[in-house]
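Undergrad: All chains, full assembly: derive it from the sequences and hints.
Next come the chains, spelled out residue by residue.
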Amino acid sequence: MNRWSSSTAWLVRVVLAGVFIWAGAQKARHPELFALDLEAYRILPAAAILPIAYYLPWLEILSAFALFLPSLRRAAGWLVIALLAIFTMMLLIAWARGLQINCGCFGTAGRATTDFVVAIFRNILLLGAAAWLTRTRAPQVGRTIRSG
Amino acid sequence: MKGILVICLAALLPALAQWRLQPPTAYRTRAGQTPFDSAASELVSVDTVRGWKGSVAWVDARTRVEFEVGHVPGAILLNEDTWESLLPQFLAQWQPGQRVVVYCSASCESSRRVALRLRRAGVEEVHVLEGGWDAARALSP
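One line per chain: the protein sequences are D and L, in this order. Residues 0 to 147 in numbering that gives the first Met the number 0 are what the first sequence spells out, letter by letter. Residues 0 to 140 in numbering that gives the first Met the number 0 are what the second sequence spells out, letter by letter.
Check each hint, because a few of them may be wrong.
[As the list claims (entries may be wrong)] Simulated restraints, written as ranges between beta carbons of each label pair:
no., chain 1, residue 1, chain 2, residue 2, range
1, L, Q17, D, A46, 11 to 21 Å
2, L, P72, D, V116, 32 to 42 Å
3, L, S104, D, V116, 20 to 30 Å
4, L, W51, D, V13, 53 to 63 Å
5, L, W82, D, F67, 18 to 28 Å
6, L, A16, D, L91, 52 to 62 Å
7, L, D46, D, F64, 51 to 61 Å
8, L, P72, D, L43, 32 to 42 Å
9, L, A16, D, I42, 43 to 53 Å
10, L, T47, D, S70, 27 to 37 Å
11, L, W18, D, W21, 15 to 25 Å
Derived by calculation from the structure, the hints in this document are not laboratory data. Beta carbons: idealized from backbone N, C-alpha and C, even for Gly.
TA: See below:
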């Protein structure tokens, strides 16, 4: 990976992690309000809503931090992709149903009613960034060159 | 795969800790039940409210523009956008022990969010009006 690509990967990682940490932190501040947001989608079973509302924000936060750990970077990238895919799918379903809800994307920092087009577009951009990050490989270090 | 498992398991720790330290006491399901007390009901109809003895504190969770067009007599405007500035005013007017009923537009979720916030602010008996403002109109002169 050349220097430009390496710097870009770093920048993308910072932006992606920043978004996920911010989103996770806002949800973690008020898990019960986030539970209401999840319930508004009318997709999840009632018994699952509170556990997910408590767990998901921390999964977002830790995935974001793991993006900076060499040993967990790729796993974190795949997790971020999976989360974004799920979020986008839920947004598409809510949009198709004509629901007027707070998507819960950024907890209480979000608007009362989500603009689905903006939210889906944003998620697609983040998905693209995460997919690109997962495809790029860090330069291999410590290879010794034997000369005869 | 191992890395994904590590992250997923690691996220369980703070989640469980938060559940323990900040248990869900204010959340009510759409069916009106708490996770722990199925007898507590959040949604109430206009007829139920009419049958209550004692005064009711009405909370309008719509926008200010909608509120000024019309609202339940005596209702206080309190929505998420103006939460910080209007909550003190509500708490000053609310009497401890007084039932609170929150309403918004028929299709909005704001009333449930405001109801949850009120419970977290220490208001014990908070309900959400089934049918929202459309149902509450019947109470307007």
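Undergrad: Run through the hints listed earlier and report the numbers of any the structure violates, in increasing order.
TA: Of the numbered hints, 5, 6, 9, 10 do not hold.
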